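With chain D held as given, fit chain P onto it using these hints.
Protein sequence lines, in the order shown, are assigned to chains D and P.
In this text, residue positions in the first sequence follow my numbering: the first is 1, and each later residue adds one.
In this text, residue positions in the second sequence follow my numbering: the first is 1, and each later residue adds one.
Calculated from the structure, these hints are not laboratory results.
Note that the structure is a prediction, hence the values are computed from the model and not measured.
Careful: at least some of the hints might be erroneous.
What the hints assert, rightly or not - Derived Cβ-Cβ restraints for the label pairs, each shown as a range:
hint	chain 1	residue 1	chain 2	residue 2	range
1	P	288	D	19	41 to 51 Å
2	P	174	D	33	47 to 57 Å
3	P	148	D	207	52 to 62 Å
Idealized CB from N, CA, C, for every residue including glycine.
2 protein chains.
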Amino acid sequence: MYRIGIDLGGTNIVAAVTDEKLNIVESVFAPTRAYRPFEEVIADMCTLAESALALSGINKSDCSGIGVGSPGNCDSEMGIVRRAYNLGWKDVPLCELISARMGLMTTLANDADAAAYGEMKTGAAKGKKNVLFTALGTGVGVGVITDGKIYSGAGRGGVEAGHTVIMMGGEKCTCGRRGCWEAYASATALIRQAKQAAAEHPSSKLASLEEISGRTVFELADAGDAVAKEVVDKYVIYIAEGLANLINIFDPEAVVIGGGIGDRGEKLLVPIREFLADNCFGGRERIQPEILSSVNRANAGVIGAAALV
Amino acid sequence: MYRIGIDLGGTNIVAAVTDEKLNIVESVFAPTRAYRPFEEVIADMCTLAESALALSGINKSDCSGIGVGSPGNCDSEMGIVRRAYNLGWKDVPLCELISARMGLMTTLANDADAAAYGEMKTGAAKGKKNVLFTALGTGVGVGVITDGKIYSGAGRGGVEAGHTVIMMGGEKCTCGRRGCWEAYASATALIRQAKQAAAEHPSSKLASLEEISGRTVFELADAGDAVAKEVVDKYVIYIAEGLANLINIFDPEAVVIGGGIGDRGEKLLVPIREFLADNCFGGRERIQPEILSSVNRANAGVIGAAALV
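Next up, chain D with everything else stripped away, as it sits in the complex (with noise of 0.2 Å):
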C-alpha cells in the first residue's frame, strides 16, 4: 500500500505519496495562507494530496491512509489541532475533515513529533527506539521517540522544549516567556545574533554583509572571519546547552539535529558533540547518544506524516 503525508506550515504546505518504505513517489507543495479560515487551508491540502496521487499516477484506493504534520499542539486521539499560533487555530477536527473529503483514515501529530518518526522509520535514526529530534528552523521544535512511540505527555500537548527557558530573564520569545531555547537556537535567532553583532562592529564584513541569513553568517565563518565566527561558536553552544538539558532528561539514543541549520552538518555536529561529552549529565563517562543531522532533510515533515499511517 502506498501512503499520504501532508506537511501542514506556516509558510507552506507539503503533501507527498510515498511507497511503503517511505520514499516519495511525488510531492507537492504550496503556500498555506493561514491567514484565510481554517475550512479553506484544509480544503487546500486535500486537493494537493489529490494533485500528488494525480501526477504520481497512484489510486487512492492503493493508499493505505493520510498523515499529517501540524505546527503547534495536536491532539492525535481525538484529530485535533488544539492550538497552533502559526496557524492562528484553535480546536480545528483536521482529521474529521480530511477524511470526509478523502475517504481514508488520517492521523494527526504534531509536525516535530511527525518528523522525529520518520527520522526513526527511515531517517538517522533508524532502528533507535530512542530518539529526540530537534527542527531548527524559523523556530525550535522538538519531537520526542521513547521506545519506538511519539512521546506526549498526558497527551494534551507534546513537548514543547522549544519554550524551555535557558536564560532566565533573557530575550523575549514569541510564547510569551523570557530567555526560551528558541530564542536562542533558532535560525530567526541566529540572525538576530548577527545582525547585533554586525551592529557592534560596523566596520566588520558582517556589517556590510547585503542581507544576513543564517546562510551567510555560516559562509563568513567558514571563511575565517573573526566576527561571524564568534556569533556562529555562540550560537552553537546556545544550541548545545538546550540539547544538554533534553539529553539530561531524556537519555536518547540519538538526537537528530533537522531544520535549516541542521542541513550545515558536520561543521555544526563536531562542537556540539563536544560541549555535550563534557556537559550532559555523568559528563564523560555516560553513555553518549549519537548527535546526528537528519537524513529526511526538507523532506523530514512530510515523511514524518507519512511515517504515521
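Only chain P this time, still in chain D's reference frame:
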C-alpha cells in the same frame, strides 16, 4: 501481602514494612555512612528491613517483595545502580545482593521516580496517570510518571531534570555545569541565596540569624522582613521557572512538590501557580496541571519504594 520499602539516601537509609495499601506498619532508619564499601551499606539495608519486619511481627513470607529507591542513575531492568555520585557507587548490582540475602524479589528505581510513583499510588496525585514529582532538598530530584508508569527515557538513566540549565553561565552546579535548576531551586541554593543577601544587608534581621536555614529564612519572610521576603520571592521564581520548563515538556496532569521545601505547602504553591499560569506554553488558555504538595512528605521515598513491589 505486605511489602518492604527501602529508601537509600546519601545521609540515611529508611526501611519500612507496609500493608498492601502502602500504609507504613513499621519503619526504621540508620545513617548510610556512604564512605564504606557498597557491600556494607547493602548489608545494613537488609538488616534494617529485617528490623522493621521483627518490630512489626510480620513474617518475610507474608511479603510480596522489596522495593528500593536509590539516588542516581538506576537501571531498573537489570537491578543495577549505574552511577550514584553521593554514594560513590558505580554499577552496583543492588537487587541481586539484596535478593540473595533476603530471599525476596527486589525492584529498584531512582528515588525521585519511586517517590513520584508513590504519590500517584497513594498520595497527592492519587488517581492521576501523568504526574511530575520534584523533591526540593539538598538537591533537586525529579520523577515523571507517564500513563501510570515511571518514565525513564531509553531506560539507561532517567530524568535528571535538576541538571537542566535555566541560567546559562550561572551558578556552578555539583554536576560540573553552570546554571542548573538544582543550583537555584534546591534548599542548598536557598541557603546560599540567603547568605548572600545577608552579606549585602549586614544590618538586616537575616544577617543577625544564628543559623541560616530554609526554615529560618521562611520564618523571617513570613514575619514580614523585607530582605528575607525578597530572597524567598526570588527563590520561588527559580522553582517556578524550572517547573514551567518541565510542564512545557511533559504536560502532566499534576505536579507534586516534595522534599523539605514542599512542606511549606500553600504559601509556596500559591505564587508558583500564579507564575505557571502566566508562563507555561499556552498561558492561561491551556489546561493547567494541578500544583500540589507531597502528601507522603518525609515518607515519600520509602512509600514510593514499597509501591514498586
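Each hint tested on the structure:
1. Between residue 288 (chain P) and residue 19 (chain D) the C-beta distance comes to about 44 Å, which sits within the given range of 41 to 51 Å.
2. In this structure the hint that residue 174 (chain P) and residue 33 (chain D) lie 47 to 57 Å apart at CB holds, the actual value being about 52 Å.
3. The hinted range of 52 to 62 Å is satisfied by residue 148 (chain P) and residue 207 (chain D), whose Cβ atoms lie roughly 57 Å apart.
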